[in-house]
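Protein chains in written order, with the numbering used here: chain H, 1 to 329; chain W, 330 to 617.
Be aware that a few hints might be false.
Stated by the list, open to error - Here are the in silico distance ranges between beta carbons for each label pair: (1) H:VAL42 with W:ARG601: 41 to 47 Å; (2) W:TYR546 with H:VAL42: 22 to 28 Å; (3) H:GLY23 with W:ASN514: 45 to 51 Å; (4) H:GLY23 with W:GLY387: 51 to 57 Å; (5) H:ILE278 with W:PRO551: 39 to 45 Å; (6) W:GLU528 with H:ALA20: 39 to 45 Å; (7) H:SER195 with W:PRO533: 31 to 37 Å; (8) H:THR299 with W:ASP594: 33 to 39 Å; (9) W:GLY387 with H:ASP196: 52 to 58 Å.
Claimed, not checked - Here are a few chain W residues that face chain H, going by a calculated C-beta distance under 8 Å: (10) PHE526; (11) ASP532; (12) GLY550; (13) ASP608.
Treat the hints as calculated values from the structure; they're not laboratory data.
Here a beta-carbon is modelled for each residue, glycine too, at the ideal position from N, C-alpha and C.
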Amino acid sequence: MNRFSVVAPTDVAHASKLLATRGHVALAGGVDLIDLIKQEIVEPAHLVNLKALKGMDRIESDEGEVRIGALVKLHQVATDPTIRRQYTAVADAAGEAATPQIRNLATVGGNLLQRPRCWYFRNPDVDCLKKGGLRCYAKDGLNRYHAIIGGGPSYIVHPSNLAPAFIAFGANARIVGPSGERTVQLEQFFVLPKSDPLRENLLEPGEILTDVVIPAPTRAARSIYLEAREKQSFDWPLVSVAAVIATDGSQVVREARLVMGAVAPIPWRSPEAENTLIGARLDSNIAARAAEAALKPATPLAQNAYKVPIAKALMRRAVLRAGGIEDTA
Amino acid sequence: MIAFRDGHAEVRIGTQDIGTGTRTILAMVAAEELCLPLARVNAEIGDTRYLYSVPSGGSGTAPSNTPAVRQAAAHLRRKLFRMAAPMLGADPGDLEAHDGAIRVRFEPSRAVSFADVCRRIPADSLSAEGERVPNYEGFRHDQAGCQFAEVEVDSETGIIRVLNVVAVHDAGRIIDPLTARSQINGGVIMGIGFALFEERRLDPRVGLMVNPTMDDYKLPGPLDVPEITALFVEVANGLSNTGVLGLGEAAHVATAAAMGCAVYDAIGVPVRSLPITPDRVLAAMGKV
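Go ahead and model the full structure; you've got the sequences and the hints to work with.
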């Protein structure tokens, strides 16, 4: 672990200016960052502690939409009454993450911006593609936890629990940087390794993710977040699914947004599955067809084909449960 | 074994307590032999200045150490009897220890307290040594037991949850039911790791273990722990002066086997390698 100094700016503009300078890295909860420093993946000269920034640790409702500051803790998200009621999938995604201890430390911003868990990437002795090396060791190596969709040239999976749930609600990321403020749809925020294997999102140097804004859901929309993991305590999902479904009185699907986590280098929205459902009467058969459609683009590696049936099962269950239909499969 | 002038006794032995309750049971054995309340017996361990003991392994700590402690306590008791004999005007061979006192066996009202005897210890303390002699011949010295597991398999995701484990063991004489149950709990939890999670993953191309961290090397957590029922069947044996058999690993090894059989019973096909991970369950069921 290298030596570093810590600075704690109190306004976002100052923090942004510091972060645009070489050798500066942002610190929020520190859950991932401290690991990354120990693993010699980042070796910052200066940590810019964001925790002194004002107003970024609050959840605020305004005309139905909800604004979640990037410094809000996962535990707050999991237990906030408005989020639990309006955005159940978001609350559950936060509540399923890690351990109670970590959820009291880890922030929303950190959850979205955490680096991948790939065991080659995390190993200080491996110089992999994502660290500027020449090859992805997972591609032909030990890849049981790696991408089944959207991989290449790197095969990481995006580790965020919250991202699929936010995207299922059409959330936006508010970003403040050296050249001002911008708002990006969270769905467009994450970057495939095809375009740049060194990054997972389009945040530029000096830019700070300040808030996530979730629009008000339609009245009939119901949501769910499901994840499958090997261990029930403190484990990363093998697959997660966030589903937002709105049906009319005769259970015809009017709106469907379906996003998978841990299957691709980015949170993976499935328009194929959504289009299968929209306009159809919801039952086990159509949910299973949507699940098949969602996993059609899957091209598993040598050791992770088992994630395909898991993803299909979770997708079918999530669709039915969000739609309030009993699973008869 | 040492008796001090202030009336307390101390076990000193070069063993270690790695969370199994060794320190507790050594004090209990000494307290029983000296007929003292447990609060007046201290156990000092984990120091190479003390007499040699065996390593904590092979479920051998309790059966190896307790007989030596008992013998040392018996020797110390006889030394104390020799000091008490003139105080009671009796022969040392006619004395017995009872409830914190030393008394004449055939006339229990003639008694002197352990503390009063200790006060007459000429120097600072009185000590005695004991050793672990070989097992007495003609007695079985192996543990016996059986375990049962109830598991739930999600046949679509291959994910296994353990609902119940019942462990029935003959570990010889149980010194302390609480720490013995705790040994079963620990063994079962480790067995769940063995059965479902733990695997050292080596990439031969780069010569590295890819999962050397607590993040990637998976161990059971609180939510992975089932209801655990421990039942002890104490079959009398005469192999040592305590009759204690080992316990820790018996509960560990049997758990994985029981869970493997329970998974077989649930999905109808056996999974022949450990850990029984979702990929192996789905492969066994022909779903991958």
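Hints versus structure:
{"no.": "1", "hint": "H:VAL42 with W:ARG601: 41 to 47 Å", "in the structure": "43 Å, holds"}
{"no.": "2", "hint": "W:TYR546 with H:VAL42: 22 to 28 Å", "in the structure": "23 Å, holds"}
{"no.": "3", "hint": "H:GLY23 with W:ASN514: 45 to 51 Å", "in the structure": "49 Å, holds"}
{"no.": "4", "hint": "H:GLY23 with W:GLY387: 51 to 57 Å", "in the structure": "53 Å, holds"}
{"no.": "5", "hint": "H:ILE278 with W:PRO551: 39 to 45 Å", "in the structure": "41 Å, holds"}
{"no.": "6", "hint": "W:GLU528 with H:ALA20: 39 to 45 Å", "in the structure": "44 Å, holds"}
{"no.": "7", "hint": "H:SER195 with W:PRO533: 31 to 37 Å", "in the structure": "32 Å, holds"}
{"no.": "8", "hint": "H:THR299 with W:ASP594: 33 to 39 Å", "in the structure": "35 Å, holds"}
{"no.": "9", "hint": "W:GLY387 with H:ASP196: 52 to 58 Å", "in the structure": "54 Å, holds"}
{"no.": "10", "hint": "PHE526", "in the structure": "6 Å, holds"}
{"no.": "11", "hint": "ASP532", "in the structure": "5 Å, holds"}
{"no.": "12", "hint": "GLY550", "in the structure": "2 Å, holds"}
{"no.": "13", "hint": "ASP608", "in the structure": "4 Å, holds"}
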